[in-house]
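Peer 1: Listed below are the residues making up each chain.
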Amino acid sequence: MSGQEPAVKPLNLSHVRDRISEVFTDAVVRHRPVPIARGRKDLGVLLGIEEIARLVDAISFEPEVFKEAGAVSVWLPEFQVYGRGKDLAAARLDLLDEVRDYVREYLEEIDSYRAAPNRRAHFPHIIKALAADLSGHLDRVIFADRPITQAEEGLAATNVR
Amino acid sequence: MPQPTFDDIRRFCEIDGWSKKESARGKTGDHDRYVKRLADGSILRTKASHSKDQIGDPRLWHRIWKEQLGLQSEGQFWAALRTSSPVQRDAEAPRGTPDWLIRRLIHQVGLTEEAALSLSPEEAAARWERFITSPHE
Chain U
824 MSGQEPAVKP LNLSHVRDRI SEVFTDAVVR HRPVPIARGR KDLGVLLGIE
874 EIARLVDAIS FEPEVFKEAG AVSVWLPEFQ VYGRGKDLAA ARLDLLDEVR
924 DYVREYLEEI DSYRAAPNRR AHFPHIIKAL AADLSGHLDR VIFADRPITQ
974 AEEGLAATNV R
Chain R
20 MPQPTFDDIR RFCEIDGWSK KESARGKTGD HDRYVKRLAD GSILRTKASH
70 SKDQIGDPRL WHRIWKEQLG LQSEGQFWAA LRTSSPVQRD AEAPRGTPDW
120 LIRRLIHQVG LTEEAALSLS PEEAAARWER FITSPHE
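In the order they appear, the protein sequences are chains U and R. Residue numbers 824 to 984, in the working numbering, belong to the letters of the first sequence in order. Residue numbers 20 to 156, in the working numbering, belong to the letters of the second sequence in order.
Next comes chain U alone, as it looks inside the complex:
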C-alpha cells in the first residue's frame, strides 16, 4: 500500500448493509462503481451489469461449425466445449447449454479453475458469458462475433439430410 488516499474511498461493509438499496441504485442505475471494503484487506467493487459488459466488450468468441452425416457440431475454442444436434439450430442450443454448464462449474470451483494451467485464461470469457447470460444475450454474444452464414446453414442442412 502506498499510504495515499484512493480517489474514491471504499464504503465500509457495515455501512453498505444499512443502505444497500441506495448503494445498489448507485451502481446499477447511476452506473457508478462502488468500492466496498471489509476490514483492511478485503476490497471489492460493486458494478452494474452494463459496466461489466463494457469491460469485456473487446473479448469475442469464435465458434467453429463441423458437419457430418446426421449431425452438426459447434466447437467453442475459448472454453474447449462443443454442442451437437441433428441440425445447426439444435447444435447451437446444445452449445449454449454447455456454456452455461461450464460457467457455473468454473465459478463454483473457481480456486482450482483459476489455478489450472489450461483453464486460467478462460476467466475473461467466463465473465463475458456470465454477463451476457444474465442479460439474456448469451446466444448473440456467442454467435454474433462470427455469424453463421446462410450458405453455411444450408450446407449443414444439406449434409444431415
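In case anyone wonders, no lab produced these hints; they're calculated from the structure. Just so it is clear, CB atoms sit at the ideal spot from N, CA and C, and this is done for glycine as well. Treat each hint with caution, since some may be false.
Pairwise CB distance ranges (calculated) [stated by the list, open to error]:
# : chain 1 : residue 1 : chain 2 : residue 2 : range
1 : U       : Leu836    : R       : Met20     : 50 to 60 Å
2 : U       : Pro856    : R       : Ile125    : 25 to 35 Å
3 : R       : Ser137    : U       : Arg842    : 47 to 57 Å
4 : U       : Ser958    : R       : Ser103    : 43 to 53 Å
5 : R       : Arg149    : U       : Gly862    : 23 to 33 Å
List time: in silico DSBU-like cross-link candidates among lysine-lysine, alpha-carbon distance up to 35 Å [to be verified]:
#  : chain 1 : residue 1 : chain 2 : residue 2
6  : U       : Lys909    : R       : Lys55
7  : U       : Lys909    : R       : Lys39
8  : U       : Lys909    : R       : Lys85
9  : R       : Lys85     : R       : Lys40
10 : R       : Lys55     : R       : Lys85
Could you slot chain R onto chain U? The hints should help.
Peer 2: Using the frame of chain U, we list chain R on its own:
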C-alpha cells in the same frame, strides 16, 4: 485411423481414470460427463453422448483428443483402448498453448507468430490477461 464412437470415448474415460460427474446444473441430460485432474493442476473435461453415433468430422475429433482429453497424439487414445491401460501422462511436460490463444496473441495483441509460439502456456495466458485488462494496449 478410425473415427471413434461415443462409446469409445466413454470406455477411454473409464480406462484412463476419469471421474463421472453430473453437470454443474444438476442435469444428466443426453450425455455422460467426465472430468480428470492432472498432477500439474490442469482440469480435463469431456462428454460422451448416450447415442451410438460416431464422431464423423475429423476436425472435431482432433479437438476432442487434443484439447478435451489432453492427449499428445491420437494414437494414445487407441492404445489405451487396445491395451486397457491408462495413458502415461508426464505431469511435468509443458502442455501446449491452445490454438485460439495463439491466434489472439498474433491477431489482437500483435505478437509475431514466432514470439507467440515461444511463450509457455502460462506466459501466453498471462500475456493475454494483461492485454485484455489494459485499456492502453
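Peer 1: Taking the hints in turn, state whether each one holds.
Peer 2: Hint check results:
{"no.": "1", "hint": "Leu836(U) x Met20(R): 50 to 60 Å", "verdict": "holds, 58 Å"}
{"no.": "2", "hint": "Pro856(U) x Ile125(R): 25 to 35 Å", "verdict": "holds, 33 Å"}
{"no.": "3", "hint": "Ser137(R) x Arg842(U): 47 to 57 Å", "verdict": "holds, 52 Å"}
{"no.": "4", "hint": "Ser958(U) x Ser103(R): 43 to 53 Å", "verdict": "holds, 48 Å"}
{"no.": "5", "hint": "Arg149(R) x Gly862(U): 23 to 33 Å", "verdict": "holds, 29 Å"}
{"no.": "6", "hint": "Lys909(U) x Lys55(R)", "verdict": "holds, 29 Å"}
{"no.": "7", "hint": "Lys909(U) x Lys39(R)", "verdict": "holds, 25 Å"}
{"no.": "8", "hint": "Lys909(U) x Lys85(R)", "verdict": "holds, 24 Å"}
{"no.": "9", "hint": "Lys85(R) x Lys40(R)", "verdict": "holds, 21 Å"}
{"no.": "10", "hint": "Lys55(R) x Lys85(R)", "verdict": "holds, 14 Å"}
The structure fails none of the hints (numbered hints given earlier).
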